Structure formats: C-alpha cells, structure tokens
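Chains as they are written, first to last, in the numbering used here: chain A, 1 to 259; chain B, 1001 to 1263.
Label-pair distances were calculated between CB atoms; the ranges are: (1) A:Ala31 / B:Arg1072: 33 to 43 Å; (2) A:His89 / B:Trp1006: 32 to 42 Å; (3) B:Val1117 / A:Arg73: 44 to 54 Å; (4) A:Pro90 / B:Trp1006: 32 to 42 Å; (5) B:Gly1069 / A:Pro90: 22 to 32 Å; (6) A:Asp192 / B:Ala1127: 45 to 55 Å.
These aren't lab readings, by the way, just hints derived from the structure by calculation.
Keep in mind the model is a prediction, meaning the values are calculated, not measured.
Every residue gets a Cβ at the ideal spot worked out from N, C-alpha and C, and that includes glycine.
If you want the building blocks of each chain, they are given just below.
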Amino acid sequence: MRAPPRVRARGLWVHRGPRLVLEDISFEVGAGELTGICGPNGAGKTTLLRVLLGLLRADAGEIRVLGAKPGDRRAAAGIGYVPQHHSPHPRFPARVLDVVQMGLLSSRRGRPGTRRERRRIALESLERVGIADLGERPLGALSGGERRRVTLAQALCAQPQLLVLDEPTVGLDLPAEQAFYALLRRQKEELDLAVIAVSHDLVALAGAADQLLCINRRMHSHGHPDDVVHSHALREAYACEFDFLAGEIAHHGRHGLGP
Amino acid sequence: MQRALWAAILVGGVCGALGFFVVLRRLAFVGVGISHAAVGGVAIGLLAGWPPLLPAGIGAVAIALAIAGGRRHGRLSEDALIGVFFSGAMALAVVLLSLRRGTQHDLFGYLFGNVLVISPRELGVLASLSAVVLGSLARWFRPLLFIAYDEEIARARGLSVNALEALLLVLMALTVVVGVRLVGALLIEALLVVPAATAALWAGTWRGQLPLAMGLAVASGAGGLALAWRLDLAPGGSIALLAVGLFGLSWLLRSRRLSGPGA
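Isolated chain A (complex conformation) (with noise of 0.2 Å):
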C-alpha cells in the first residue's frame, strides 16, 4: 500500500491584498520525491511555500502537511526550512555547533535528550553536509557558501521528514551549486525526505528534481521535470522563448535525457 504523502494540495486560492497571487493550485509530494518549484519572478513560488509553513493563510483549498494543517505544531517538528532571504548577522555570536543544535528546537520537542546526544545529532548533520571540520568556528567566520551548509545542515538535525528550500543555490557558483543539489539529492534518499525546492535556476532545478512545477499565479505546467522543462505551458508561464542547452537536461544519478 502506498504511503499517503507528505503534502497534499487541493484547490489553492490565496489573495495578499486584493491582489490573486495563487489561483487553484493542486500537487502532491511524496517521500523520496524531490519537487521542484519555478516559475518568473512574483509567480507566488514563496507564497506557496509560506502556505505550507503556515507562516500565511490560504483563502480557500484543502491542504494537508505531514497529515496535519499547516502550521500545526506536530507537523512543524517534523519540518526542515531554509528561506529564501536568509542571512544572518556575520557577527552572530555562536559557533556553527550551535547554531545546528537550533534545528532541535520546536514547540513539540523542546531540546531532545543529554548534551552529549545533542552534540552527537549536531555532528551527524554536520558530517552529511561535509563541514563537520567546522563545528568549532564562529558563525562569522564561515563564507557564504559555508553558511549555507550551515543552515541545510540545521534544517536536517532535527531528521524532519519534509525539507523546504526556498532559493537555497542563490549566490552559489556552478560547482557549488551541483555539489549543493547532488548533496540534497543523496541526503533525500538516505532519510526517505519529501524534499520540495523553489530556485530561479531551471537546468539545475529540473536536473535535480523528480517532478516540477511551474506556476505562474496558477499551475501551468506540472510532472516530469523533461515534460515541463520542454513544454509549451513552460513558455508561457515564464511568457519568453529560451532554448536549454541542445535539450539536454543532466540527471543526476538518473539514466534518461530529454528529447
């Protein structure tokens, strides 16, 4: 039997203001799917996410994440974030083992267990991201690619069972940004995680992903990331024409190239 997934969308409407910025928005994601979400600039991609958060309300729909309403603070314990305009005070005074630690607080859980089991957990996520060397550093002195990591590494301690990335590869350059993706991709199949990311990037967002949605205030194209990547809909949500690269999408640790 089929696992009921991790986030169900039925119907979304959500205005800010009087402005529509959501207009009937259905998808499901799964465990082990990575979800990818693009769309142009004031599309409503983190709106949508917000939505799922709870952090904003939906003004009509059905939505269900990890089986609760969104915001319900059973299902946030079981949430990884990382938002889109995230960038702490360089000179935030804590050392990146702490910081990880944060992603162990919630309202259901408090802090978990000994300070021993807590700096193990911490070590663990630091040790999937590839910064476990780092630990012991201020905050500060990390680069902006560091803390990135950081912050992923955070949003995992806490083995949630849905990751939102929200612009996680922005400032990233393009080895950085695979190696980001190519993480994600390991750490989804390693904790079963229902994974759904927003990025500008296209190529690297539907190399990545299992599905892809495009939205434009309403969903314009939706399904398998070659399908919506080559689509017609595509073109109109982002209303430009674009040619990927000979049409070639690379998947990562997927056989398969598009037509």
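Once you've looked at the hints, dock chain B against the given chain A.
Relative to the frame of chain A, chain B by itself:
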C-alpha cells in the same frame, strides 16, 4: 552601603544578562522607550502617594507589550512607534509633576538613581524581580537565541515567536524597574546596553559574551558605587560613566590590537 552594594550586584547581573539580547537584537531604542514609560509611572506614583515602582512597573510592562504588538502589525516603523510612546510618557510625567506642590528631591532619585537610600523592602523586591528575570532568561535562552538567528525558521519550526518577543520586552520592562533605584530610569540604558556592547568587542560567541557582560555590569555597578562613595558623586551617574569608560577603553585596546604593531 551594604544594601546598596547588593543592589549593584543584582542589577548588574540582570542588566548584563538581558543586555546580551538587547544588543544582539538591536533593542537599545526600545529600552529607551520602556525606561521613559517608567518615568511616567513614577510620576503617577508620586502624585497619588503610591510606591512609585509599582506604577512604574505597570507602565513599563504596558508599553513593552504595546511595542511588541506594534512591531507585529507593522503599520509604523518601530522607531516611530517608540518615539510616540516615549514622548507620551515623558509628557505625562511633566504634566503630572507640575501638579505636585513642593520640592521634587525624591523624583531626582528615580530619574538618576539613589541606591544609597534603598530600603530592605525595596532590596527584597529587587531580588525577587531579578530572580524572575534571570530564571526566565535561563529557561528561554535557546529559543530567544533561535529567534535572534532567524525568526522565520523559528516560526516554521513551530516556536511562538510573537510570545517570545513579547516575553523579551516584558523582561526588559522588569529590568528597568529593577535598575531604577540604582542608576535611575534615565540612565538604565547605560547598564542595559554598554556592558553587553563592551563584551561583544572581546568575545565572539555567547559563551564568552554573556558572562563577560554580566561581569562588566556588576563591576560598573560596584565600582561606580565605590567611586561615588569615595568622591561624593552622584551614584547613578558614576556607575554609568564607569560603564562607558570601560567601553571606551575596550574600544581603544581592540582597535590597537586589530591594527597591530606593523600597521
């Protein structure tokens, strides 16, 4: 003098600990608004013949909650909001005090501190409030640090960010009440902000900044009292000046250290 010294130690400890969050979350001007709200409360108490610290505390907590509410709604910038409350509270104090007949010596003590006349009852109240503030900070330290790191992530994790923010501002209000007798409502910022700012010059993480801020605040309190006693100076002003002097010295030393001998 012994009671005054105990008061200096208690107030220093509380101000140093809370000051860590005031500096980290850039709430210094919020502290100004709350402390001036306390002045309004003191004026009400003096006019009505009540113990001034009671309406001062109620006024400070009320303004703290109003600021917390105003921050959430976002229709006005925070500094504009604080300016409104600050002006209103001071104007109320001026008007009420103008209705009072006779001299205002006791008012001076609440505005600029006069810990040398602190009564055993007042010291007891101070100790109780200090325990509440320090206990709350200990209990909620990591959630408060989390929302200082990133409010949105904390909210997504289910933490009650609005409640934690309101808690922090209420603790600031209680700390103002705690410190009024030592340095006065108009100088409490000196202990709330300056020692924590000095600690931030020396230590890179909260594990160093927090105890250092508390130590510097206690040292400023006790040292300022000793100076005032010795040189017959105003205690509140001496404490504030010592705190600022330590900051200035730290700034110079750190600047020299960072520029290095070869620079």
